[in-house]
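Colleague: What follows is the residue order along each chain.
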Amino acid sequence: MIDLLAQADNALDGLKAVGAGLGYGLAAIGPGVGIGLVVGNAITAMARQPESAGMVRTTMFLGIAFTEALALIGFVVFILLNFA
Amino acid sequence: MSDKVEERSSDLQDLGQLAEPEKSIVSDMLLRGLKVSPAWLALSLVFWGVNGLASSAYGLGLIFANFVFAAAFLTWAGRISVAALMFAALGGFILRLAFLTVAVIAFSKIGVFAPIPLAITIIVSHLGLLVWETRYVSISLAYPGLRPSQMRQRNRKEIK
Numbered sequence: 000m001i002d003l004l005a006q007a008d009n010a011l012d013g014l015k016a017v018g019a020g021l022g023y024g025l026a027a028i029g030p031g032v033g034i035g036l037v038v039g040n041a042i043t044a045m046a047r048q049p050e051s052a053g054m055v056r057t058t059m060f061l062g063i064a065f066t067e068a069l070a071l072i073g074f075v076v077f078i079l080l081n082f083a
Numbered sequence: 000m001s002d003k004v005e006e007r008s009s010d011l012q013d014l015g016q017l018a019e020p021e022k023s024i025v026s027d028m029l030l031r032g033l034k035v036s037p038a039w040l041a042l043s044l045v046f047w048g049v050n051g052l053a054s055s056a057y058g059l060g061l062i063f064a065n066f067v068f069a070a071a072f073l074t075w076a077g078r079i080s081v082a083a084l085m086f087a088a089l090g091g092f093i094l095r096l097a098f099l100t101v102a103v104i105a106f107s108k109i110g111v112f113a114p115i116p117l118a119i120t121i122i123v124s125h126l127g128l129l130v131w132e133t134r135y136v137s138i139s140l141a142y143p144g145l146r147p148s149q150m151r152q153r154n155r156k157e158i159k
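One line per chain: the protein sequences are G and C, in this order.
What the first sequence shows, in numbering that gives the first Met the number 0, is residues 0 to 83, in sequence order.
What the second sequence shows, in numbering that gives the first Met the number 0, is residues 0 to 159, in sequence order.
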């Protein structure tokens, strides 16, 4: 009986780790798409108006960093599920 | 015709080399972050003890390194071409996430690791620094005459 409980406990730990990994991976998909959209549109803007490249790149960098915050939230959930 | 195209492309390259705003944004953010970090570390020490202090310091270091790496990679790619910029943005995103994961897993093997202060520090410092920087960037992008230092000078003149 105790062996069974120990096995179930191990299985739960394993499932928790799998869930954390899956959650982190899924949370990174949206920001990946978002960064693609941000950079794609920034490149279009730079091609249309090369003289405003500096301004576009400033906005692009901040946009990338804000989008990345979503992936970092997934990362934080991964940390909390795995280690807390 | 081809001469014109070459002239145009060399102009674009010059412009690309001149315009490297990522460096200035990140140095600005790092300066602000370094100013605020002692207060944040003191709060961490009060709430979570020495382990919390070490984890918060590690989290701050990770976020600073993340910003520096992103800026350096984008600046480097921007000098090459826009296609390289696209690669750097997406490839850099994956690389930085991998770096953060490896760094946190490595840190978790150390005795001073505290997950909650580390998690809170990562989110708060990343978003806080970005929002703080955006405030200045948005003002200077939309109305270059409204930069905080220039506004202060103008107000002083008007008062006089």
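Watch out, some of these pointers could steer you wrong.
[As the list claims (entries may be wrong)] Coverage of chain C stretches by chain G, computed from C-beta distances (three or more under 8 Å per stretch; other residues unrestricted): (1) 39–49; (2) 53–60; (3) 65–78; (4) 81–92.
Worth flagging that the hints you see were computed from the coordinates, not collected in a lab.
Ideal placement from N, C-alpha and C gives every residue a C-beta, glycine not left out.
Colleague: Taking 8 Å as the C-beta cutoff, is the stated coverage of the stretch 53–60 of chain C by chain G satisfied by three or more residues?
Modeller: violated (count 0)
Colleague: Can you tell me if the stretch 39–49 of chain C counts as covered by chain G, using C-beta to C-beta distances under 8 Å and a minimum of three residues?
Modeller: Per the Cβ count (0), the hint is violated.
Colleague: Under 8 Å between beta-carbons, do enough residues of the stretch 65–78 of chain C, three at least, approach chain G for the coverage claim to hold?
Modeller: Contact hint for the stretch 65–78 of chain C vs chain G: holds, 5 residues under 8 Å.
Colleague: Go check the stretch 81–92 of chain C versus chain G for me, would you? Three or more residues, Cβ under 8 Å, otherwise it fails.
Modeller: With 6 residues close enough to chain G, the hint holds.
The structure does not agree with the numbered hints 1, 2 stated previously, though it agrees with the rest.
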